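*Asks:* Take a look at the letters that make up each chain.
There are 2 protein chains.
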Amino acid sequence: MAAEMPQWVKDLKPSEPQGTDLLAQERNKSKVNSAQLSVFLHGKEALERKNRILKVLQAEPVFNKDNDYFDGRVDKWEKGLARSKRLTTIAFQNNWNDLDRRVANDLISEPLPYGLHEGMYLVTLRGQGTPEQQEKYLKPAEAYRHIGCYAQTELGHGSNVRGLETTATWNADDKTFTIHSPHLTASKWWIGSLGRTANHACVMAQLIINGKPYGPHPFIVPIRDLKTHQLLPNIYAGDIGPKVGYNTMDNGFLLFNKVKVPHDAMLARFSAVDPKTSKYIRPASPALVYGTLTWVRSTIVLQSGSTLARGVTIATRYLAVRRQFQDRDAPQWEKGENQTLNYTMVQARLLPLLAATYALHFTGKGMMNLYEANQKNMQKKVTDQNSKRSAGPEETTPGSDLLADLHGTSCGLKSLCSSTAAEGLEVCRRAMGGHGYSAFAGVGSWYADYLPTVTWEGDNYMLTQQVARYLLKSARSVLKGNEPNNDTTEILSFYLKRQDTGAAFDILGKDDDIVAAFAWRSAYFTFEALRARDEEKKSWNSLLVAFYNLSRAHSQYLVVKNFYETLHHASSSSSSETTLDPETLTLLHKLFRLYALHTLVSESSEFFTSAACTVAQIRLARTKTVMQLLEEIRPHAVRLVDAWDFPDWQLNSSLGRYDGKVYEDMFHRAAQLNPLNSKVVDPYPDSPVLYRNDDTTRYANILKGGKAKL
Amino acid sequence: MAAEMPQWVKDLKPSEPQGTDLLAQERNKSKVNSAQLSVFLHGKEALERKNRILKVLQAEPVFNKDNDYFDGRVDKWEKGLARSKRLTTIAFQNNWNDLDRRVANDLISEPLPYGLHEGMYLVTLRGQGTPEQQEKYLKPAEAYRHIGCYAQTELGHGSNVRGLETTATWNADDKTFTIHSPHLTASKWWIGSLGRTANHACVMAQLIINGKPYGPHPFIVPIRDLKTHQLLPNIYAGDIGPKVGYNTMDNGFLLFNKVKVPHDAMLARFSAVDPKTSKYIRPASPALVYGTLTWVRSTIVLQSGSTLARGVTIATRYLAVRRQFQDRDAPQWEKGENQTLNYTMVQARLLPLLAATYALHFTGKGMMNLYEANQKNMQKKVTDQNSKRSAGPEETTPGSDLLADLHGTSCGLKSLCSSTAAEGLEVCRRAMGGHGYSAFAGVGSWYADYLPTVTWEGDNYMLTQQVARYLLKSARSVLKGNEPNNDTTEILSFYLKRQDTGAAFDILGKDDDIVAAFAWRSAYFTFEALRARDEEKKSWNSLLVAFYNLSRAHSQYLVVKNFYETLHHASSSSSSETTLDPETLTLLHKLFRLYALHTLVSESSEFFTSAACTVAQIRLARTKTVMQLLEEIRPHAVRLVDAWDFPDWQLNSSLGRYDGKVYEDMFHRAAQLNPLNSKVVDPYPDSPVLYRNDDTTRYANILKGGKAKL
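Quick note, the sequences are listed as chains A and B, same order. In terms of UniProt numbering, the first sequence opens at residue 1 and continues consecutively. In terms of UniProt numbering, the second sequence opens at residue 1 and continues consecutively.
Hints were generated in silico from the structure; no laboratory data involved. These figures come from a predicted structure and were not determined experimentally. Check the hints yourself; a few may be wrong.
Where chains are identical, the list cannot tell them apart; a pair therefore holds if satisfied intra-copy or between any two copies.
In the DSSO-like style, the derived pairs of lysine-lysine whose C-alpha atoms are separated by at most 27 angstroms in a straight line are [unchecked claim]:
1) LYS679 with LYS65
2) LYS376 with LYS136
3) LYS55 with LYS76
4) LYS65 with LYS537
5) LYS473 with LYS376
6) LYS76 with LYS65
7) LYS65 with LYS55
8) LYS480 with LYS55
9) LYS381 with LYS31
Chain A extracted, bound-state conformation:
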């Protein structure tokens, strides 16, 4: 595309040493078994699946990523739709199951216009539709005749679902519902796949029967003609415009002007309107719906580790190739510049994040296990209870104790882990200096696409109120003298018993004492918050900052505990998939300590306030232990990121290439792929054209001083 490249440019190489040699040296000087560690992280089966899917995708031209970073908004979305279509076709052709498709999406690494059809519309129909509704709506949706979306959020209403304005009014006379948007703020907004793609929407609307509101319920509403794809009458919808990221997706808006839908439009598995009596039939088990939100949050926790690991992989490899300045204390004869990764200021930013990728990943796995265990438990209880069902909806929610624990845990971890991943990615990007700002680094767009995660499925600040509520409730139970029935009540009880004798945790000597110190701090601030709320009678609003800090403290405890327990289990495991050689295991223990002590130092005022450790311990951790851990982990950094096993195709990053050919790749993309280099400019202010070889008239009149609108 650019001016033809002269031979003398083609002959140029980077100055010595080459990136390839530097990364080879890095891999040679560490004995970490990356392949074994990959299996430990992901499992053999998942690694094989990934490679199988990768081959299929790489053979498809529509998934070629070479030009992705150059696309404007419309181009991005068009390519996204083409990719959605093709992906669906090859998934059918290859008989891919859901897991295969998730892996394909991971490898493609961008949100696609069918995303919400598959991720929410089908899921909702399966979960909340009756068999008849599934026949009518799910079948065509599975065949991609109906393309759906999930329309909940409104222009004026986000997290507060009860505040939604869209109404669904029951018409007893003709057995229909009227869906209506009474105000502009009632417009559905942010709805993925709605903007251009969907022809159906699952709409959350306030159910109204005989003038009485019954809260938000889901309704299936056709919005575009199946043949012409034009908007149906009294429906107005479109794309909401460009965003910080996520521009491959058509997030949309949607307004209704008294649109009638039949009785079966309301998904009726859990609650319904009796068409004969016009009576509301109450939900059988709100706990099951509750469970879905928990599942969504758990998957966010699970993905946070690998999300961050992409940035850490790119930055670690690049900073091992990048060289800058000489070590100030190095002898004169050491002339070469120093690898950037050798500077402690770089290590102090990057290596704790490397440790965090493992910490979050293990926590996510622990969270999923907890979810699945609870799910089984709950299903059992529901079955037991249904068989003796009699009481009204105010009866105790089945399995509510376990569910409350799971709910609190998933809210706190979703908040902590997604914030850690998002903010960590930006730290990685900045640690790479100037080149981190290039689109070719591959971190900026990944970060921008990930950002909504800190807001959706419960804003990361709002969610912490749920955690606080759960912890306060647990603390009240413990104070009443109830026996501990889970880990939370156990650490609270332990604290209560010991609070008059104090703590003496050997945080620099024993790993399990680190975990105990985190638990102590969480318990201390739980009781402090309880005192403020129950004894000092402080307003809920005045405690929100304290609750946020409490949630953070408790969730950090959970991450540290999960990391510790994973390693503890690995030492005693005999399964080949969960075994690590002693050297690698020792290194992971160092990563554990780095994550935990780096966190402890960052939050040191809470640790000394709660007397979970002494000021001297914090000082030693900051000035000695953490610095020493950085030094010990540094030689293994490249192998530790290699274990994440990201294919270059997935990362699409000049700086994060496995082979270290950083500068060659940057230059190739800039000089040979960049469309801006195809035109010859007319640079003078008094000339009304922009290009010499492509006389754009678009600006000519304006540049002559004309007043026509662009």
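Following the hints, position chain B against chain A.
*Replies:* Chain B alone, transformed into the frame defined by chain A:
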């Protein structure tokens, strides 16, 4: 562009209460005199200038911002070039001076392709060219026949200027220099205005005479033909591709294959090659060059306050309009949702940033005053010294003590203030929840364009080494018993005298004690770092994290001090431009305390470690004082951001509109300006076209399974 809007949609209004009414209430309930405060911040003359320039720009269609958020990379840059051209023309027509043009650039608020021609090329020629060189190079550049750029950074070399690879070898035989790029990594990179626009470059290259290197020097090199704008022979240049932001600018790369330039290509005001003897003539005064870097950093400090204020203005207005949930403790009969700005968790994020905008702005003004005072002082010393010039280049740099202070201060503040602004903008964006992620919020692109500031003109981490070096040097001088000669040595001396009696600062009672506590902490960590380096002989590399923290501590002291002194001066001022009514001044004192105490709480472990205050004081600050300040400042938040006086045209934000018509504006942009809504999609996976009304064949073959490359 979208499907025609039906009448029923046009009739819709946001639900009550309207944003306009909410903002009017906010303005009514505070008595802060925003107009007076605007004058205090900016001065009358600057406000008038802004309004005068704004009118001219608003009348020019090329500066219409309506479609900016929809543009792809190439569109953005094209519009940027058209804007650069038109701006230059109207600047000539209106006889605008440099200040007028800077104001115009501020209002346009995006980097433009002539930016580096004006900001660096002209400036370098004026500063470093001889009269003959100015005749030859500066004149055509001022007439925009030469469009230039400043080519320093290379693909493999950023901050370490001494590591640059590009060479300029002196040819004694024909009195020329040969400019050459020996490796791919020698390619100039990131050079603003170079990619497509410039036909000249000021190239930093290693001067070599008789095989001996003399370090980097500036050379003027023609790179494109003045008539055809084609690359000149043996030059290869182009745009480096898309970036996280800054995409209206053509940052470029540039390679040389033994390109000869005449003797006068080397800018020779400060150093030169004698063409007769081939001898190197040493720089007259490196301090002057040093001074330029300090000036650039000082302007970054000055701009950081208003940079952040844009985000704070947008977020504050929006969060006063946005309502969500009811207050948990509110009585049942209070049915309406609560303004988001009323939640303490929102206030705790946003209001300290509001305080920071004032803190950074006053600090920037202080920094510029310091710079100008020093500049005068230095000019005088240079004049004095030149009259008795005799010693070699190793003589003491003129004014080096003052300059070292200014250098240290500007490095530390550049790092702290630009990081505060960048990170604060992202906090503002996230505080706005979902809508903050929309391009129409106007914060995402502003943040993305600002991000390079934390990396360029000295990476914010690297720079802190300069601060530490300066503080260590000052501490050594104080330890030797030298009398304090500036503020830094004064606070170090005070600490030394008092360290055996300790400190007792009444940080919650007296404002000047807050300043003193920040000074104490800075001094404490200076001597701790000195002990580690000089007594414990720790390596420089092992201390980088401590140096970073030290620089941060010292710079926070400087900001707190500048804020305090500005208010102190305002109380005693009699000038109308620097007078504030007592109520407003009292409020600014609260902002001062909020900034200082919020910072103190965030860094509490350093304050108690240094015994600058007690644990009890920190606890009170955290749980009581800061919370109370938030409550007291909250009612004035909207008026306090109004005082920044950003025209809506400049902010280009749906959420930050002065009139509060947030939802109307979001909807208008999405539904009526958004080009993605112009086409009707074919949504089915088995159909090979994307659109029904515009049958794009681009993807057809690929969607049928063809293997052609896109």
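*Asks:* If any of the earlier hints don't hold here, list their numbers in rising order.
*Replies:* 2, 4, 8, 9
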